[in-house]
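Could you build the full structure based on these sequences and the hints that come with them?
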Amino acid sequence: MTQITLAVTGSISAYKAADITSQLTKLGLEVKILMTPAAQKFITPLTLQVLSKHPVGLDVLLEDDPKRIEHIDIGKETDLFLVAPASANTIAKLAMGLADNMVTSTALALPTTTKKILAPAMNTKMLEHPATQRNLDILKSYGYQIIQPREATLACGDQGTGALATVDTIIQTVKENCL
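Under full-length UniProt numbering, think of the first position of the sequence shown as 1, with each following residue one higher.
A portion of the hints provided could be inaccurate.
Cross-link-like lysine-lysine pairs, in silico, DSSO-like; alpha carbons within 30 Å at most [to be verified]:
| id | residue 1 | residue 2 |
| --- | --- | --- |
| 1 | K41 | K140 |
| 2 | K26 | K125 |
| 3 | K41 | K115 |
| 4 | K115 | K125 |
| 5 | K140 | K67 |
| 6 | K26 | K53 |
| 7 | K67 | K53 |
| 8 | K76 | K41 |
| 9 | K41 | K53 |
Derived Cβ-Cβ restraints for the label pairs, each shown as a range [claimed, not checked]:
| id | residue 1 | residue 2 | range |
| --- | --- | --- | --- |
| 10 | S141 | L46 | 13 to 23 Å |
| 11 | R150 | D65 | 37 to 47 Å |
| 12 | E77 | Y15 | 24 to 34 Å |
| 13 | P130 | D100 | 37 to 47 Å |
| 14 | Q3 | T47 | 18 to 28 Å |
Please keep in mind that the hints were generated in silico from the structure rather than gathered at the bench. Here a beta-carbon is modelled for each residue, glycine too, at the ideal position from N, C-alpha and C.
The structure is reproduced here in structure tokens:
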């Protein structure tokens, strides 16, 4: 069975991870979820655990099974690493190789051959900032496929590009990469 690791980061769009998880499991994919501390402010781990039928990885320093180093083993087992939504903060950490939470530590431990997809979601000005654009370029050079955010009225009320791609677009991209 194909294993997808869905990394959820701190964005108002984090609630869409429930729909993404549900749709991926309906396709017969095994979905393991990782969450940043900020993501847990937007959606509860329990919601994603129920939908994925797997415990949610929350703390890189919490090792329940002495036979496993969770972030290393997840990296070895995953066929596709999907970051959706990807906040500007997590994008910056991934680009710089920081490993201070379950998402970033697992990403850094991925084999170079693992398929990686990132779906940014943030305010337009944050997305257009030269630092974010540079970080996205760096991630592309690391092999990340970027699903472009869409134009919409954002959570802050601004109109512009930065909304998470539609769930259908994300699911279609995953299907193209592993089914």
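Evaluation of the provided hints:
1. K41 <-> K140: holds (28 Å)
2. K26 <-> K125: violated (36 Å)
3. K41 <-> K115: Between K41 and K115 the Cα gap is close to 28 Å, so the pair holds against 30 Å.
4. K115 <-> K125: Since the Cα atoms of K115 and K125 sit roughly 28 Å apart, the hinted pair holds (cutoff 30 Å).
5. K140 <-> K67: Since the Cα atoms of K140 and K67 sit roughly 34 Å apart, the hinted pair is violated (cutoff 30 Å).
6. K26 <-> K53: holds (12 Å)
7. K67 <-> K53: holds (21 Å)
8. K76 <-> K41: Distance ~28 Å between K76 and K41 Cα, so the pair holds.
9. K41 <-> K53: holds (21 Å)
10. S141 <-> L46: 13 to 23 Å: violated (37 Å)
11. R150 <-> D65: 37 to 47 Å: Holds, since R150 and D65 (Cβ atoms, about 40 Å apart) stay within the stated range.
12. E77 <-> Y15: 24 to 34 Å: holds (26 Å)
13. P130 <-> D100: 37 to 47 Å: This hint is violated: roughly 24 Å between Cβ atoms.
14. Q3 <-> T47: 18 to 28 Å: 20 Å Cβ-Cβ, so the 18 to 28 Å window holds.
Consistency note: the structure conflicts with the earlier hints numbered 2, 5, 10 and 13.
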